[in-house]
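Put together the whole structure using the sequences plus the hints.
Each protein sequence line maps, in turn, to chains A and B.
The numbering of the first sequence is our numbering, which starts it at 1 and goes up by one.
The numbering of the second sequence is our numbering, which starts it at 1 and goes up by one.
Quick caveat, the hints were computed from the structure, so don't treat them as lab data.
Positions of the beta carbon are idealized from the N, C-alpha and C atoms, including for glycine.
No false leads were slipped in.
Covered, in the sense of this in silico footprint (three residues per stretch, anywhere, with C-beta under 8 Å from a C-beta of chain A), are these stretches of chain B: (1) 9-17; (2) 160-167; (3) 198-212; (4) 245-258.
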Amino acid sequence: MSDKTFRRLLAAVTAAGTLITAALVIYTAVLYKNASIIEFIAGGR
Amino acid sequence: MKLAKQIMILAALVGLFAAADIYIYFICTKRLMTDDGTERRTSSIEVSDYLPFDENSNIVNIKDTLPLTGELPVIDGAEGLYPVYSAFVNAVYPEGSVEFDGSDFTPESKLQMRNTLKAYKGVVDGNADIAVCAAPSAEQLSYAEEMGAELEFVPIGRDAFVFMVNSANPVDSLTANEIREIYSGKYKNWSKLGGEKLPINPLQRLAGSGSQSVFLKFMNGLETVPNYSGWRGSPIGFSFRYYVTGMRENDGVKILSLNGVYPDKESISKGEYPICVDFYAVYDRRNTNPNIPTLIDWFLSENGQRIIEETGYVPIK
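Given below as structure tokens:
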């Protein structure tokens, strides 16, 4: 593949990966903020 | 050759993101979800489960009459004590005094449940007449002083301040000193305390909440490790006994004995459990509503104390 296509693919994968990871982190933060301490301990080990 | 290298770089990048996401999911996200994949319940209890004047309510249903005249005091308080003061309102207030819009009390309602932080502020600012809460934090006392409020604390009931761990944790009992050393960072692994070889994850609560204020007094000025200092370990947390056993009962947690004493009604009423705390009816002495002393006297009456006991707390008298 050409360098131009490769760079585009690299940028697309990086952007998609960053977005998915950021969404997961934000979702986890919201869950964490809303979880009661009892539920949090019960969900651990 | 060049193509193979490019594909390897792309695959490595995808793998890196996937590994990060899987790690975050299994270490953090999954822990905050129930087994069926839904979000765990929020920190707030269901207000509608403990409404006064509702035949399906979970509150203790005792009726009494009181000579209340004029403006009825607004009663607010801690989340964990809401079943108690909702039952008080149910016992002596007229039915139309409470307005619930399906998710929260309206501003006109004489019963509110805005939690400890807002209840204390409400009494100081005049938005509430009586707060039913545990002892205040230093910040809450300081705010009251700054605003010129003269807070009066009348003990009306008692409960144990308890420490809890996951029910799979083999540790059943700790000493008060061991707990202080966990929270101050000396003990970092459960294996040092008879448990599994897992890091200890000591949890704290929101600053200004009733349980956090009691915890800080318990720590007696010792510096604590940062809150939520680890996700990979096994947690220890704290709350009030009734909140754990009565309101948010969960098979996944167990309460620890402290200095060999398990916190039950008997050990609390006999004063054997090491950390028994009173909870109070708090009001501002500048507030001249004549119904306030009448109500507080009733909280301490036979029926008022019965409500406290039958709710699951320990009466003060």
